[in-house]
Amino acid sequence: MSVRISRRLRGLVHKEFVQIRRDPSSLAIAFLLPTLLLLLFGYGVSLDAHHVRVGVVVTQPTAETASFTSHLQHSPYFAPVALPDIQAAERAIGRREISAILWLREDFTRKLLAPGGAPIGVMLDGVDANTARIVEAYLQQTWQTWLAARAAESGAPIPGALAVTSRVWFNPAVQSRDYLVPGLIAVIMTLTGALLTALVIAREWERGTLEALMVTPVSLREIIISKLAPYFVLGMGGMAVSVAMAVWLFDVPLRGSFAVLVLAASLFMGAALGMGLLISSVARNQFVAGQIAIIVTFLPAFILSGFIFDIGSMPEPIRLFTYLVAARYFVAILQSVFLAGDVWSVILPNAAALVVMAAIFLGLARLVTRKRLD
Amino acid sequence: MAPNPETGTAAIAIEAVVKRFRERGRDVPALKALTATVQRGGVTGLIGPDGAGKTTLMRLIAGLLRPDSGRITVLGIDVRADPLAVQGTIGYMPQRFGLYEDLTVRENLDLYADLHDVDPAGRPARYAELLHMTGLGPFTARLAGKLSGGMKQKLGLACTLVRAPALLLLDEPTVGVDPVSRRELWQIIDTLTRTEGMTVLLSTAYLDEAERCRSVLLMHEGQLVGDGDPKQRTETMRGRSFHVDAEGTGRRRLQALLAAAPGVLDAVIQGSRVRIVTRPGAAATAAALLPTLPGAHLVAVPPRFEDSFIDLLSEHGAAQTKLAAPPPSVGTAKDEPDEIVVDGLTRRFGDFYAVKDVSFRVRRGEIFGLLGANGAGKSTTFRMLCGLLPPSAGTLRVAGVDLRVAAAAARARIGYMAQRFSLYGDLSVMQNLRFISAAYGLSGQRQRERIGWALEEFELAGLADATSRDLPLGYKQRLALAAALMHAPDILFLDEPTSGVDPLARREFWRRINGLAEAGVTVLVTTHFMEEAEYCDRLLIMAQGQVLAEGSSDSVKARARSATLPEPSMEDAFIALVEAAAPRGIAA
Amino acid sequence: MLARVLALIVKELLALLKDPKSRMVLIGPPLLQLVVFGYAATFDLNQVPFVVYNADRSAASRDLIAHFTGTPTFHLVATVESLALIPALIEQRKAEMALAIDARFTRDLLTGRPAPVEVIVDGRNSNTAVIALGYANQILSDYAASWAGEHGASAPSVLAVRARYNSNLESRWFIIPGIIALLAQVVTLLVVALTVAREREAGTFDQLLVTPLRPVDILLGKGIPGLLIGLAEASVILVAAVFWFGVPLRGAVAVFYLGAVVFIIAVIGIGLLISALSATQQQALLGAFLFMVPSIILSGFATPIANMPQFVQWLTLVNPLRYFLVVVRSVFLQAASLASLSTEIAAMAAIGCVSLIAATVMFRRRVY
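Chains as they are written, first to last, in my numbering: chain X, 1 to 374; chain F, 375 to 962; chain U, 963 to 1330.
There's no promise every hint is true.
As the list claims (entries may be wrong) - SDA-like, lysine to any residue: derived pairs with alpha carbons at most 25 Å apart:
1) Lys-520/F / Gln-920/F
2) Lys-371/X / Lys-520/F
3) Lys-371/X / Asp-452/F
4) Lys-520/F / Arg-1162/U
5) Lys-605/F / Pro-677/F
6) Lys-980/U / Asp-452/F
7) Lys-371/X / Phe-321/X
8) Lys-371/X / Leu-829/F
9) Lys-371/X / Gln-920/F
Simulated from the structure, these hints should not be mistaken for lab results.
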């Protein structure tokens, strides 16, 4: 009996692979789209501000103001632009030519020694609030190093000065690429697992081949397995390509073990495939299947997985909703495995959540899929 | 209820089956308490127009749908209880053949052999047999998507036959397939039932195919309206079918007069004559039927299955609308100027000639037919005539205007009815008419007049606000024709205008077209219904992009006349022409 | 001719609004994205879990910790007794930040030496890390200033930071005007890109072509509904941005609409180009997707263009969304005048011209 079953299944799986080989759009979704996304994100998306153009207005240049501006000049974060007066600076910020204004007034040097200290006026372009924050942080840092340097030179005590050492663990160079690229793998696997699977099954509905398949003595279990197995392989292939690009093209460190990565990816793939099956049983044409897949799997994987936006900072209802997004567990594992290593206390609970998600989605898919047309 | 003594021997027993579908929040009944039996052995035809419920019944039998109530037993197995067991013993070919187009012929066969657990040892012999039977032997490495329609259909059949099933279900296997392939398919089916003792249930909308079945189930609107031996049914019509001709009266006028006559149930043009079926009990003399036309005389002809079907439908209340006979024609078509002139028309796609050096002329008030198998080039020719595709070479004049120079001016004089009655499905009948009339530049009073005319003439007034997607097919066809006639064009282009509609709607449609032609409108029509070719004044038969024959339907039929076939049908003539022009297998 | 084009526009709008599938495209994704982006897509941090190691145990160090716990940005989850316990807590994501106060903290403060404090952040999400670090630095310098003030001394210099246009640096003020541009693009593109393919699939396109309508009329008839729907969509979100999310609209609405019209026309050109090139809705959808994803990522919607490598920055120059984002945000927050946005509007107009001409050429070629 087991031999007989395996012949049907073998035939179906073989057919699926032949189709994948001949259909360029499946291969494009599985390999071309991931590459495109990785390139776009790897090169196009960066939250790291370097050489921020800052307008510097020095009303009365002295040795003290020069000491401060040279500090700015030497910082990798800033590209200072000297401007004659505050009006010119205001115009420049209005035209989005500079992201911030630093204004050292005529009394800067005099007040430096007076009680209350010399004010440095900073005006940020607040339109891009996120960039403004980052620029502010960089300015604070530069200002403090300037103060410390001055103190060291003069030997005079600075009341209330703090020696702040800040360290960014796992990503000391603070490269956003290092966390974006691993997170992107979850998005890419959602594409193959859910979108491609849903599209392929919807296509069989549209073309009427599923109808022909259903009238053969093949069992429902065999049909489902024959759809899961090839796209599982394809999804893992997409993951392998992404990991290779991450490590060799973008120099993202892989500090954990590859085996853990593969295991977690398999679990996530199970959940994604389950969603794909579920969608295809609801939508029997490619257009609707594609729409649903993008809305319920792709967008959440992008926005609600913690891959770009911090889940902890989202409002309560949305934060609760993210627990239903399988990608969030996978993203947590990915970021740890790539940047920190095999941190079991992160990997185990998230892997357990993935097991539950995969079981739920596959179980649901099995429940709603019928070997019938109605 | 006592058990049906025949259930034991029946291949399929259907008992009081009800099936409804929910569509846009409405319950649409597909089958209304249908009871029927299919005997073992031979071919049983499931006959009925589109929307009769044929496909639903097929799917219920195959276990793809579950009936709302009632019971279906297939080869002694209750389908509802054990669909897998049924599926293990039957073969089923869905409407689109169920082929994987990106797999080769051989890969498709292998897949279905795997799915049916065919032992690899037995495969070579079975494949050889199937490939021989279907003539697909030379094409095993070709992708199924690259096969012609006829070859796909044969491959679909071969796939369901990898393991000889006891019962074969074929859902409209001949739809969209040219007559040559249709004939070949029937030869295969005959062989199967004779040599392998297979039972075949085949659904079709072609009534002439019913005559090849051992018995038929006639369906109409989800109900069984008749069953039994088609020959017996046809026999009951004997004595009611005649050919009529009348000296000095054009055939279209004659047909219109006959259709309006109270004693006539059905009147269709056949060549230069009109074929009628009289109402039961009506006196079958020319004088009784047409008291106003002294020159007419009747010749009795053998009945056809279609006659009995029309008879049956008229009993079921599907009354035909009686159109008033059109006024006598202003002149005979022969004196009229040429409205369409085609000279040396050629269309190349790369180095493939879709149409090569085609020339013909159509006179004003003439109905001109373009016939051909799939891929013969008739659609390409038609698209060039409508200005949808520029020709590679040759001249094209429509309504005296060169299409290459002034396409927009020519289009304003052309009415066009696309395949599948392409309407904006989401728009209501009124919105469709309003848009099309405005697109043709109608506005104000004139637009209101024409819309009013269309609603009345085509009996659409009651449906003006109905969404056109939900219209029954026959009404969709009416609306499509109404839209094409909004701007009162001189020339009417019809692309497969009656595919899928039932015989009554088809007759009504042609009565309107005849009336238009009588009023001087030039009509160009493409069709694969050979019977429809009979309505045309002249025909052009195409194959492989070239003209095979041109002339009246009588003259085309005369070419196929032989000792064995003294009275060839249009289909016989078509097949003879195509086979004479090309070796078998390429034309298919 | 005008009446015919008008009839086509009416038909197009009716078909779009009556078909449940296209209604879904028009209403579903925009609403969803407004909610998701409006609430979930924020770079503002809230309740960042942090741990403290306080080796000093003095009033001064407790005061410093109070400065941290007093803001909603940080949330103290644990106080550890040993520096060695910190790595595990961060690694396991129990805390995203650690504050370590050295034993010499008070002594150094009092003697005027820089008092050692260490801030450690989890760099696995370096954006959160950098922002958290920024908040922490700010708190630390506030603390330093207030300590100096209490002890009658002051630092030689103070950083007086103000933010123009968005004084509280709310990232929602940045994101939500961006959504107007984003959704106007998504909806217009989908409406226009699918329109011809849908008619091709339904078989009505031939019907349209055999009417005396010229290709230009058909393009107009297909494009104008996109403009109307795109503008309607933009208006709805504009209203939501102002009245629901409370983003200040400081500039002239007229300037916004001028920019919107030019932008949507440019998008229509691209949509019609996709439409002319695709035979099926499937292809059109894929084409729209392939244009949309890069155009959003390379627009400055979420991350600044200035951070991108130079060659990628050049790529963004042909992206109309890039310019419209500037228009929307400047009108909202900077009360920008038409004159100051003339470069952006001219760039969009140029893209519109090129794409419309290309679409017309491709359309004529594909029709015949």
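Structure-based check of all given hints:
Among the hinted pairs, Lys-520/F with Gln-920/F is consistent with the structure: their alpha-carbon atoms are about 22 Å apart, no more than 25 Å. A distance of roughly 29 Å separates the Cα atoms of Lys-371/X and Lys-520/F; the hinted pair therefore is violated under the 25 Å criterion. A hinted pair counts as satisfied when its Cα atoms are at most 25 Å apart, and Lys-371/X with Asp-452/F qualifies at roughly 16 Å. Restraint check for Lys-520/F and Arg-1162/U: satisfied, since their Cα atoms lie roughly 22 Å apart, inside the 25 Å limit.
For the given pair, Lys-605/F sits about 10 Å from Pro-677/F by alpha-carbon distance, which is consistent with the 25 Å threshold. Between Lys-980/U and Asp-452/F the CA atoms are separated by roughly 43 Å; this puts the pair beyond 25 Å, and the hint is violated. Annotation: proposed proximity of Lys-371/X to Phe-321/X is violated, straight-line Cα distance about 33 Å (limit 25 Å). A threshold of 25 Å between alpha carbons decides the hint, and for Lys-371/X with Leu-829/F the separation of about 45 Å lies outside it, so the pair is violated.
For a cut-off of 25 Å, the pair hint linking Lys-371/X to Gln-920/F is broken: about 47 Å separates their Cα positions.
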